[in-house]
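In the order they appear, the protein sequences are chains A and B.
Final position of the first sequence in this note's numbering is 294; the numbers increase by one with none missing.
Final position of the second sequence in this note's numbering is 294; the numbers increase by one with none missing.
No lab work stands behind these hints: they were computed from the structure.
Take the hints with a grain of salt, since some may be wrong.
With a straight-line cut-off of 30 Å between C-alpha atoms, the simulated DSS-like cross-links for lysine-lysine are [said to hold, decoys possible]:
id: 1; chain 1: B; residue 1: Lys221; chain 2: B; residue 2: Lys196
id: 2; chain 1: A; residue 1: Lys152; chain 2: B; residue 2: Lys12
id: 3; chain 1: B; residue 1: Lys36; chain 2: A; residue 2: Lys36
id: 4; chain 1: B; residue 1: Lys255; chain 2: B; residue 2: Lys152
id: 5; chain 1: B; residue 1: Lys152; chain 2: A; residue 2: Lys196
id: 6; chain 1: B; residue 1: Lys255; chain 2: A; residue 2: Lys12
id: 7; chain 1: B; residue 1: Lys98; chain 2: A; residue 2: Lys36
id: 8; chain 1: A; residue 1: Lys98; chain 2: B; residue 2: Lys221
id: 9; chain 1: A; residue 1: Lys221; chain 2: B; residue 2: Lys152
id: 10; chain 1: B; residue 1: Lys98; chain 2: A; residue 2: Lys275
id: 11; chain 1: B; residue 1: Lys12; chain 2: A; residue 2: Lys12
id: 12; chain 1: A; residue 1: Lys221; chain 2: B; residue 2: Lys196
id: 13; chain 1: B; residue 1: Lys221; chain 2: A; residue 2: Lys275
Protein chains: 2
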Amino acid sequence: MSELDLIAAIRKQAGSSGGRALIRGIGDDCAIVRPKLGHDLVYTSDMALEGRHFTLDTHSAADVGHKALARSLSDLAAMGSKPVFFLVSLAFPQRLGKRWLNGFYRGLLTLAEQHRIALAGGDLANYDRVLVDVTCSGEVPAGTALLRSGAKPGDVLYVTGLLGRAAHALAADLRRYRKFQLRPEPQVELGQRLRKLGVSSCIDLSDGLSLDLHRICQESKVSAILEHVPAASAVTEEEALHGGEDYQLLFTAPKTKRIPADVAIPIGQMVPRGKSSVYYRDRPLTPAGFDHFA
Amino acid sequence: MSELDLIAAIRKQAGSSGGRALIRGIGDDCAIVRPKLGHDLVYTSDMALEGRHFTLDTHSAADVGHKALARSLSDLAAMGSKPVFFLVSLAFPQRLGKRWLNGFYRGLLTLAEQHRIALAGGDLANYDRVLVDVTCSGEVPAGTALLRSGAKPGDVLYVTGLLGRAAHALAADLRRYRKFQLRPEPQVELGQRLRKLGVSSCIDLSDGLSLDLHRICQESKVSAILEHVPAASAVTEEEALHGGEDYQLLFTAPKTKRIPADVAIPIGQMVPRGKSSVYYRDRPLTPAGFDHFA
Numbered sequence: 001m002s003e004l005d006l007i008a009a010i011r012k013q014a015g016s017s018g019g020r021a022l023i024r025g026i027g028d029d030c031a032i033v034r035p036k037l038g039h040d041l042v043y044t045s046d047m048a049l050e051g052r053h054f055t056l057d058t059h060s061a062a063d064v065g066h067k068a069l070a071r072s073l074s075d076l077a078a079m080g081s082k083p084v085f086f087l088v089s090l091a092f093p094q095r096l097g098k099r100w101l102n103g104f105y106r107g108l109l110t111l112a113e114q115h116r117i118a119l120a121g122g123d124l125a126n127y128d129r130v131l132v133d134v135t136c137s138g139e140v141p142a143g144t145a146l147l148r149s150g151a152k153p154g155d156v157l158y159v160t161g162l163l164g165r166a167a168h169a170l171a172a173d174l175r176r177y178r179k180f181q182l183r184p185e186p187q188v189e190l191g192q193r194l195r196k197l198g199v200s201s202c203i204d205l206s207d208g209l210s211l212d213l214h215r216i217c218q219e220s221k222v223s224a225i226l227e228h229v230p231a232a233s234a235v236t237e238e239e240a241l242h243g244g245e246d247y248q249l250l251f252t253a254p255k256t257k258r259i260p261a262d263v264a265i266p267i268g269q270m271v272p273r274g275k276s277s278v279y280y281r282d283r284p285l286t287p288a289g290f291d292h293f294a
Numbered sequence: 001m002s003e004l005d006l007i008a009a010i011r012k013q014a015g016s017s018g019g020r021a022l023i024r025g026i027g028d029d030c031a032i033v034r035p036k037l038g039h040d041l042v043y044t045s046d047m048a049l050e051g052r053h054f055t056l057d058t059h060s061a062a063d064v065g066h067k068a069l070a071r072s073l074s075d076l077a078a079m080g081s082k083p084v085f086f087l088v089s090l091a092f093p094q095r096l097g098k099r100w101l102n103g104f105y106r107g108l109l110t111l112a113e114q115h116r117i118a119l120a121g122g123d124l125a126n127y128d129r130v131l132v133d134v135t136c137s138g139e140v141p142a143g144t145a146l147l148r149s150g151a152k153p154g155d156v157l158y159v160t161g162l163l164g165r166a167a168h169a170l171a172a173d174l175r176r177y178r179k180f181q182l183r184p185e186p187q188v189e190l191g192q193r194l195r196k197l198g199v200s201s202c203i204d205l206s207d208g209l210s211l212d213l214h215r216i217c218q219e220s221k222v223s224a225i226l227e228h229v230p231a232a233s234a235v236t237e238e239e240a241l242h243g244g245e246d247y248q249l250l251f252t253a254p255k256t257k258r259i260p261a262d263v264a265i266p267i268g269q270m271v272p273r274g275k276s277s278v279y280y281r282d283r284p285l286t287p288a289g290f291d292h293f294a
């Protein structure tokens, strides 16, 4: 397995799914993209590291590929953007062989195809751990990207789905919710729908409701009163409040904005900035979600 | 050291050097960039991994930051593009502390400032090794990016500087060329000059002359006759031919194109595709540069 052979194989597997935007993908020093007139481009990078975000025992090669891309796609969703292209940096032990590598790219490219995002390039290295870093780019009409900073006092707080399943699967080692851990589904279509609905702020729930809500409050300079925690069946309140990797979207919208019930569940309201960022049951709620350096 | 504190500190250090293009940098789910009318955007990702591309014994925190960005900037240079923004994914052991982290960002941001490229975002993780992945983006007037695939038979082959210093420093553990290992200088200005001169193909010399020249030949479907290997003083021919991390630019231009002597040294010519990609001293030259999976 030489590097030239590897790149040729990935290039073949990636196909020519580049679409309109991608002028040149894998095979040069850089990929080349021609931006769409009147659109902004958004960018995010997310790492998936062996022993930290997954293990080779619990995650198949395809799970790792899926999860690495899903994390970044979820950020594109939170901006209300349409996916355009992505780059993948992959380090892996050569002893894993071609079969593992094929599985990885199958998981990655299946999800990519589903969301019509083109593999444009990346980097490869031989290393003793599996390390993935995915950079995704999406587009939005200029000036319309959803931000964390747009929430206003009086806005209603919403979440796009039930919470805590991934955390519960991890804590209780349950088969039932295992797929939420292994194959998280980024809310890409829903994010674009929220943008068109004109919501005021948005974030994806990767690190837990309490921490990510705190982030919206910080960036918007408001506080939030959490009135309801929509826990999935069998999930503890603790898991729903602080558990990571739900990959639902948390957003705010003015009271006057009609948010269809199939889009999201109202869970609270935004208020002028108080002493604490978030209040729950009349008490300050300390962010206890997944802090990578806690 | 909490993640929120860390991000706030990086955000402060990065400043507001975003320039025109960067609508929103660190602090949201994605960075937002408004592309310049009539321009293409180019993208590249490069990993710098502890134990593979550097060690903490030989490289200071600032060296690691510099090198991680330099690798990607060199790819932007090879496309003839003007740097616009970059994302940094960084995993590191928390025990290294704030001092190491400050050093890392100082090395990174000093080089960034020098080339006027804005830190737009990235990812952070606590891990037992230092791992960096840098994604850089640059712009070129639409359709003018330099490719590996544009070389034609009859073109002259050039390199922008003397070769083998980084490889020699590594092999001989010499102080003299140590800075070429620790602080490689990407040829960003020169890359843009080559684009304006109208050269026919270009690649950056990261993996060694023999391997990178092979790549130009493969992509351009031609062969090359190497006539001269411009080794730096005290460097062996082997090091100049196959040593990595020179970060000079290797390019081709039609015979009729005048290339100023301060820009590059002619080292050979391109010929119709033969049995081998590269010939040197009347014999096929096997690519023996740095193959990450050899």
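Verification of the hints:
| no. | hint | verdict |
| --- | --- | --- |
| 1 | B:Lys221 to B:Lys196 | holds (24 Å) |
| 2 | A:Lys152 to B:Lys12 | holds (25 Å) |
| 3 | B:Lys36 to A:Lys36 | holds (11 Å) |
| 4 | B:Lys255 to B:Lys152 | holds (10 Å) |
| 5 | B:Lys152 to A:Lys196 | violated (49 Å) |
| 6 | B:Lys255 to A:Lys12 | violated (35 Å) |
| 7 | B:Lys98 to A:Lys36 | violated (41 Å) |
| 8 | A:Lys98 to B:Lys221 | holds (27 Å) |
| 9 | A:Lys221 to B:Lys152 | violated (59 Å) |
| 10 | B:Lys98 to A:Lys275 | holds (29 Å) |
| 11 | B:Lys12 to A:Lys12 | violated (43 Å) |
| 12 | A:Lys221 to B:Lys196 | violated (47 Å) |
| 13 | B:Lys221 to A:Lys275 | violated (67 Å) |
In terms of the numbered hints stated before, the structure departs from hints 5, 6, 7, 9, 11, 12 and 13, listed from lowest to highest.
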